[in-house]
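Let's have the full structure, built from the sequences with the hints guiding it.
Take a look at the letters that make up each chain.
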Amino acid sequence: MKVLVCVKQVAVLGDEVEFTDDERDVDPDYLDFALNEWDSYATEEALRLVEAAGSGEVVVVSVGDEDMEDGMRRCLAMGADRGIRVEAEGRLDPIQVARALAEVVQSESPDLVFAGVQSSDSVQAATGNALAGLLDLPSVAVVTKIDLGDGKATVNRELEGGLVDVVEVDTPAVITIQTGINEPRYATLRAIKQAEEKEIDMRQAGDLGEPGSRVRKMFVPPKGEGAEMLDGGAAEVAQRIKEIVQEKTA
Amino acid sequence: MTATRDTFAGLETWQIVLWYSLIVLSVAIFVYGCARLFLKYRRGRGHEKIGNRRERAIRVGKVVFTHAWIRRRDPMAGLGHLLVFYGFMVLFAGTAILAFQDDFANPVLSFDFWHGWFYKFYSLFLDLFGAALVVGLTYFAVKRGILRPFRLRYWRPVEPADALKPMPRRYEAGDWIFLGSLFFLALTGFLLESFRIAADNPSFEVWAPVGWAIGQGFRAIGFEDGAAADARAVDWWVHGVFALFWVSSIPFTKAVHMLAGPAGVAVKDDRAGNRLAPLPAGAKAADVGYAFIDSLLPKHLLDLDACTKCGKCHAACPATATGYPLSPRDLVLDLREVAEGSMGNRAALGIAPEFPDHAQILGTIKPETLWSCMQCMACVEICPVGIEHVPIINQMRRALVEKGDMDNQLQQTLETIYTSGNSFGETSRKRGRWTRELDFDVKDIRTSPAEMLWFVGDYASFDPRNQKASQSLARILRRAGVDFGILYGGEKTAGNDVRRVGEEGLYADLAEENVATISGCSFDRIVTSDPHSFNTLKNEYPQFGGEWDVMHHSQLLLELIESGRLRVKKGLGYRVTYHDPCALGRYNGVYDPPRQVLEALGAELVEMPRNRDNSLCCGAGGGRIWMKELKGDDSPRPSELRIDEAVGLGSIDYFVVACPKDVTMYEDAIKTSGHQGEIELRELSELVWESIT
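Chains as they are written, first to last, in my numbering: chain A, 3 to 252; chain B, 777 to 1469.
If you are wondering where the hints come from, they were derived from the structure by calculation, not from laboratory data.
These numbers were taken from a predicted model, which means no experiment stands behind them.
Cβ atoms here follow ideal geometry from the backbone N, Cα and C, with glycine treated the same way.
Just so you know, not all the hints are guaranteed correct.
[Said to hold, decoys possible] Covered, in the sense of this in silico footprint (three residues per stretch, anywhere, with C-beta under 8 Å from a C-beta of chain B), are these stretches of chain A:
1. 4 to 18
2. 33 to 45
3. 180 to 190
4. 193 to 207
[What the hints assert, rightly or not] Some, not all, of what chain B presents toward chain A, calculated at C-beta under 10 Å:
5. A1059
6. E1178
7. G1180
8. D1181
9. N1184
10. S1196
[Claimed, not checked] No farther apart than 35 Å at their CA atoms in a straight line, the calculated lysine-lysine pairs in the DSBU-like style are these:
11. B:K1142 <-> B:K941
12. A:K4 <-> B:K1179
13. B:K1404 <-> A:K147
What follows is the structure in structure tokens.
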């Protein structure tokens, strides 16, 4: 049983934002970094499947520069066996990331490939599905439950309005994992530090091709018309709301 | 007639031989029991250097002979124990003197001193102390049987593990057997004396007034001569054999506290709790914390045996008082059952409840019990035998954290602290934002040297209500001409409570980063308004190479007032009460400076019933502020109980605190306890600012 988990160290925004001079990205001074929330669920799910199987391996894969390894260490501290990082500089779009991941999947031939539904910073929800497309593997997105069978898996897919779609899928498959599928275990800082002894294999990316999309401009949308911000203490605000309601309903 | 008596009067030689054989047997069983205890402690993991042996010896002597720790918060119980203790000790010493005379001085040295005036004083002394023993035991019987205070009842806030369910009944039986056996020893002893007096009526025995009175009573009802002599012969064996049996049972019963109690006092770390132990270098998961009974330090295994079930911790614990599933007493007792049932005397004798060797303790002790602890030190502080509950609980929490066995709210907070360096999840650049409201600039001490480095801490930096108090303090310092600066975005949460949660790796990381940042700054002293940061900076950062002069803002404020750098313009005249923060008071003994400041401001300080070392934790400590609620539905929170207590004093203007977490907890509790409008909260700095402007 071998599960490959694609993980990303994402940027976390504070409530103050400045952009880079070319207006195409956030100034890194205004960012913290953390393991993508969905990816910790994906890692936990992989660990549980391998633990239930009794033997096997969980391999975490990231595409990016050395800073990506912080997130990978966290997964290794949770219990993943080893990591693979495809070295890549600069900003990649999901298609390029999927191309880099596809090479790794082909060389590792895992039984399952997990990715988070989306990354919390760029929120495109595309990498996992693109990867399945490139590899010509079956894929199921937004999964909240996995029952593993022989050569196939029965999975629950989350739909709109609380509906659940139960799907049977042949394995190997690419599955994107939704939050809430489990409770990810805590990685103690001691474990994270000791995870530095675990192997992270660094590979050079092949030709990642042209991106499918490019960022033209990033900005904070202007405040819409018709909104009035009420300042002051609770009593003042309440008084003002009362007046507005009276005006509008008069 | 010479004043003396024959110890073995009327005994055949074979009877004397039998007697000495029984002594040997009794001592052998006693030694076996003690050796097994010792072997049990040796099974503990690791060791802690026990230095300052002279100071420790003096402490044991003081605590044992003055009962300084036993009599606290219950002087009557202290007096009762004092009577029993000295009664028992004098009778024991009397027996030892007699043995010395009979078995060594007389036969070997031909030195016979046990007669005449020595004998008379010996008789008087033993007789009076025997009476003291009986009075003390009677008081204890009344206390247990009739007064029945909360602390002596085995009511539990949490169901024990199945194997331990019968224990409360056995404890009750054990307590009465212990009390009864001592009573029986005293009674048969007095009877022995009285029967002899009734039989022989030696006039000099008036020096044993109690025995004399009873003996004369016997004679008055015609019980004398032969009948009394026969009774004496029987009672001699009853008293003697029972005494030997009793001595041999010491390591196996509640009497073990006579040995383990003073030992616990001897090995107690004066700084238990305020300075926790780092992880061993290169610790693997299995090395972390207390997951198994033999993971405990030997001295912590000893602590378990020292417990007398006096229940002072049970009565002092804020968790127990407010329906959390924790009692420090029950925790210690349950751990003791596991230790005894897996590697102690009970395991050796095969007495249930047995536990497997290398027993897992995290199942027997429920996680919610450990997560209920506020690490407030109320238990450690009041324990008369020096048990270190707080470090023990902390070690067990470390094992829970290692297993990931914690609620997700806490897990998220720890992850937030890991990623953002503070528990609010704010970006570091916002840490100094509160200074923008001031009409002057606060130095960035990373680039501008200053006299004082103010370590602000998370709550005082990020929480809006606390920012007001921080602004007051900044204005005060400026008014007093104190040259100070803050670390702005360079400061990370100090980690005191991260450590108390049991996430030692994260704590070490935070401490190392803060030590590196602070070490790069130029300053004379550190001040903080946060007792939690104060504690860890002062007591724990030295473990990471950060040794500085650290003070709490209440100490600095007092210094500024006393030196005249701050002048009180108007006496405040408010009626106030002051809540001692755990991390300031019990952890560090800083009780007076905040009170002296209030006095200097002209406020009338009215103490709550629980003050100073008996202060009631607000409920936030030990990381509880980051966890889900665990208390029973119908119990008030500790903070609400505290506000009730303050309001109960009558017309108090301000509830004064000197801790940012207290500001948060009590602002909330004033609303939720239904006392809004009756009392208001002020942070110490806010009152100082009011009085100097």
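- Task: Closer than 8 Å, Cβ to Cβ, for at least three residues: run that test on the segment 4 to 18 of chain A against chain B and report holds or violated.
- Result: holds (count 4)
- Does A1059 (chain B) pass the interface hint, meaning its C-beta sits closer than 10 Å to a C-beta of chain A? holds (6 Å)
- Would the pair K4 (chain A) and K1179 (chain B) pass a check requiring their Cα atoms to be no farther apart than 35 Å? Status holds; Cα separation ~24 Å.
- Item | Residue hint E1178 (chain B), partner chain A, criterion CB-CB below 10 Å | holds (6 Å)
- Go through the hint on N1184 (chain B) and say holds or violated, using the shortest Cβ distance to chain A against 10 Å. Since the shortest Cβ distance to chain A is 6 Å, the answer is holds.
- For the segment 180 to 190 of chain A, does the count of residues with a C-beta closer than 8 Å to a C-beta of chain B reach 3? holds (count 4)
- Does the structure keep K1142 (chain B) and K941 (chain B) at a Cα separation of 35 Å or less? Cα-Cα ~14 Å, so holds.
- Message: With the threshold set at 35 Å, check whether the alpha-carbon distance from K1404 (chain B) to K147 (chain A) stays at or below it.
- Response: Holds, because 26 Å separates the two Cα atoms, which is no more than 35 Å.
- Query: Within the segment 193 to 207 of chain A, is the number of residues with a Cβ closer than 8 Å to a Cβ of chain B three or more?
  - Reply: holds (count 4)
- Item | chain A contact restraint for G1180 (chain B) - C-beta distance below 10 Å | This interface hint holds because 4 Å falls under the 10 Å limit.
- Message: Hint validation: S1196 (chain B) versus chain A, beta carbon distance must be below 10 Å. Holds or violated?
- Response: With Cβ-Cβ at 6 Å, under 10 Å, it holds.
- According to a criterion of three or more residues whose C-beta lies within less than 8 Å of a C-beta of chain B, is the segment 33 to 45 of chain A covered? Coverage by chain B holds for the segment 33 to 45 of chain A (3 residues, Cβ < 8 Å).
This entry satisfies every hint, going by the numbered hints stated previously.
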